[in-house]
Amino acid sequence: MKFRLFGIKLSYEPKLVPSIATLLGLAILLTLSGWQIHRLKWKENLISERINRFEGESSNLKNFKIPSNNEFRKIRINGKFLNDKEMFMPALSKNGNNGFHILVPFSDEKDNLFIFDTGWVPSQKKNQPMRINNLDNSFSIKEAVIRLPGRKGKYQPDNEPNNNFWFFVDTAEMSKFTGLNFEKSFYLEAVNNGPNGFPLGSQTRIYIRNNHLQYAITWFLIACGLLGVYLTSSLSITKR
Numbered sequence: 000m001k002f003r004l005f006g007i008k009l010s011y012e013p014k015l016v017p018s019i020a021t022l023l024g025l026a027i028l029l030t031l032s033g034w035q036i037h038r039l040k041w042k043e044n045l046i047s048e049r050i051n052r053f054e055g056e057s058s059n060l061k062n063f064k065i066p067s068n069n070e071f072r073k074i075r076i077n078g079k080f081l082n083d084k085e086m087f088m089p090a091l092s093k094n095g096n097n098g099f100h101i102l103v104p105f106s107d108e109k110d111n112l113f114i115f116d117t118g119w120v121p122s123q124k125k126n127q128p129m130r131i132n133n134l135d136n137s138f139s140i141k142e143a144v145i146r147l148p149g150r151k152g153k154y155q156p157d158n159e160p161n162n163n164f165w166f167f168v169d170t171a172e173m174s175k176f177t178g179l180n181f182e183k184s185f186y187l188e189a190v191n192n193g194p195n196g197f198p199l200g201s202q203t204r205i206y207i208r209n210n211h212l213q214y215a216i217t218w219f220l221i222a223c224g225l226l227g228v229y230l231t232s233s234l235s236i237t238k239r
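The sequence shown maps to residues 0 to 239 in numbering that gives the first Met the number 0.
Careful: at least some of the hints might be erroneous.
[As the list claims (entries may be wrong)] Cross-link-like lysine to aspartate or glutamate pairs, in silico, EDC-like; alpha carbons within 20 Å at most: (1) 61 with 159; (2) 151 with 172; (3) 84 with 172; (4) 183 with 108; (5) 73 with 142; (6) 124 with 182; (7) 84 with 159; (8) 64 with 182; (9) 73 with 54; (10) 175 with 83; (11) 109 with 142; (12) 84 with 107.
It is worth saying that the hints were derived from the structure and are not from the lab. These numbers come from a predicted model, not from an experiment.
Make a model of the complete structure from these sequences and hints.
In structure tokens:
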């Protein structure tokens, strides 16, 4: 096919194999771009739901018939910590510093037992003798966020019960480790700091990143680049 563009005579001579390969490539790239748009909307809804739940007023845990259906809700619960059975979860703080989350069994007024993530401490405060002044031994109302137990990520280490190192919350395994019958469907995460400022509470990551629009644009631009390369290779200047 011959045509004129900006006064230049051009000839479009597509070849079969490059054309098929380009069509397949475009289909894949545009599908990936569309999928990222779908993920963008999903992530926006997820973030909105998290924010709405987290920023609402805290309510007594008893008011939730199925607490596990209300992740990120703030709750109040009356009880005490069993500080002699602490568990340690290596983690970065919100500011990116190395340290540990201190997970402590919590017993409410009816002797129901929960795993309670009391917050983050720097590495030098991991051992309890280094934070004696940060222990909460009172029977009182605590404010927390409902969280669901974690699942092992693809590149995440296994939990190490023998070393009391936990890389994600596994309520069943932690029950076995401590010999306590914890609530299995959810655990609690501290909203406030502990006594004298540690552990640092409010480590719940509500405002998560949403980069799906960038990914969608990237896949679309790659598709445009592929189409440009294909057209350039298929066009030739015709002699006058």
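Going through the hints against the structure:
no.: 1; hint: 61 with 159; in the structure: violated, 33 Å
no.: 2; hint: 151 with 172; in the structure: holds, 13 Å
no.: 3; hint: 84 with 172; in the structure: holds, 14 Å
no.: 4; hint: 183 with 108; in the structure: holds, 18 Å
no.: 5; hint: 73 with 142; in the structure: holds, 7 Å
no.: 6; hint: 124 with 182; in the structure: violated, 28 Å
no.: 7; hint: 84 with 159; in the structure: holds, 16 Å
no.: 8; hint: 64 with 182; in the structure: holds, 14 Å
no.: 9; hint: 73 with 54; in the structure: holds, 8 Å
no.: 10; hint: 175 with 83; in the structure: holds, 16 Å
no.: 11; hint: 109 with 142; in the structure: holds, 17 Å
no.: 12; hint: 84 with 107; in the structure: holds, 16 Å
In the structure shown, a violation is registered for the earlier hints numbered 1, 6, in ascending order.
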